[in-house]
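Enquirer: These protein sequence lines are chains A and B, in that order.
Those letters in the first sequence? Residues 144 to 256, by the numbering used here.
Those letters in the second sequence? Residues 23 to 137, by the numbering used here.
Worth flagging that the hints you see were computed from the coordinates, not collected in a lab.
This one's a predicted model, so the numbers in the text were calculated from it and none came from an experiment.
Hints are not guaranteed to be accurate.
Claimed, not checked - Residues on chain A that point at chain B, a partial pick, calculated with CB under 7 Å: (1) G185; (2) L186; (3) H188; (4) R197; (5) G242; (6) V254.
As the list claims (entries may be wrong) - BS3-like mimics (lysine-lysine), calculated; alpha carbons at most 30 Å apart, straight line: (7) K243/A - K29/B; (8) K243/A - K87/B; (9) K213/A - K243/A; (10) K212/A - K169/A; (11) K169/A - K199/A; (12) K243/A - K199/A.
Unchecked claim - Footprint (simulated), chain A over chain B, 3 or more residues, beta carbon under 8 Å: (13) 62 to 70; (14) 129 to 136.
For every residue, glycine included, the Cβ atom is placed at its ideal position computed from N, Cα and C.
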Amino acid sequence: SQQGEEDPQALSIQEGENATMNCSYKTSINNLQWYRQNSGRGLVHLILIRSNEREKHSGRLRVTLDTSKKSSSLLITASRAADTASYFCAANAGGTSYGKLTFGQGTILTVHP
Amino acid sequence: SAVISQKPSRDICQRGTSLTIQCQVDSQVTMMFWYRQQPGQSLTLIATANQGSEATYESGFVIDKFPISRPNLTFSTLTVSNMSPEDSSIYLCSVPGQGQLNEQFFGPGTRLTVL
Chain A
144 SQQGEEDPQA LSIQEGENAT MNCSYKTSIN NLQWYRQNSG RGLVHLILIR
194 SNEREKHSGR LRVTLDTSKK SSSLLITASR AADTASYFCA ANAGGTSYGK
244 LTFGQGTILT VHP
Chain B
23 SAVISQKPSR DICQRGTSLT IQCQVDSQVT MMFWYRQQPG QSLTLIATAN
73 QGSEATYESG FVIDKFPISR PNLTFSTLTV SNMSPEDSSI YLCSVPGQGQ
123 LNEQFFGPGT RLTVL
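Between the sequences and the hints, there should be enough to build the whole structure, so can you do that?
Expert: In structure tokens form, the structure reads like this:
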């Protein structure tokens, strides 16, 4: 079964608001990565958080990881219309699964100007 | 991050035909990965393309349907064989980054429509 389930499936907000997306996974991970996809194009790597990290920041992005709950969240602060995209979490188990990612179902974010 | 290109960017094919998708990376990488994204869905790993050995396929994917070549450390191809409309998807290749973080980077994808 697929790891990485995300909620909400769709999120609609106004420009300037914050957007929070959640991801859960089922097995142990080495790291968890977040990606953005615009209109069915290629994936843009946003941020990676390791299993021994609890929080990570990159610009307007904040990612948290709770390995005890097997969950992660992505917060986008002060959202912009250009943030409109699909966001995916992807879990990497490490070890013999090096490089292999198991993706969540994704959250479709719409930011209204 | 690695620069990854794919050809073609999109194609419309007839049922029963085959399409070969190319993936080129600007640096040498040991492993390359092929993913499929069906319409409105998330990404699923098809196989790992290993240089110098046969590709390793995930459950539900077989070599006869998705043959893979990996002639060198910067290039790989994925063929979608005997296509049916159910094969309509975006196909993406992926490589690990060069640093210590184990980031994975993706190509722009190939959007395939099978009629």
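Enquirer: So, for every hint listed, does it hold in this structure?
Expert: Structure-based check of all given hints:
no., hint, result
1, G185, "4 Å, holds"
2, L186, "4 Å, holds"
3, H188, "6 Å, holds"
4, R197, "17 Å, violated"
5, G242, "5 Å, holds"
6, V254, "20 Å, violated"
7, K243/A - K29/B, "22 Å, holds"
8, K243/A - K87/B, "20 Å, holds"
9, K213/A - K243/A, "18 Å, holds"
10, K212/A - K169/A, "9 Å, holds"
11, K169/A - K199/A, "21 Å, holds"
12, K243/A - K199/A, "22 Å, holds"
13, 62 to 70, "holds (count 6)"
14, 129 to 136, "holds (count 4)"
Taken one by one, the earlier hints fail for this structure at numbers 4, 6, listed in ascending order.
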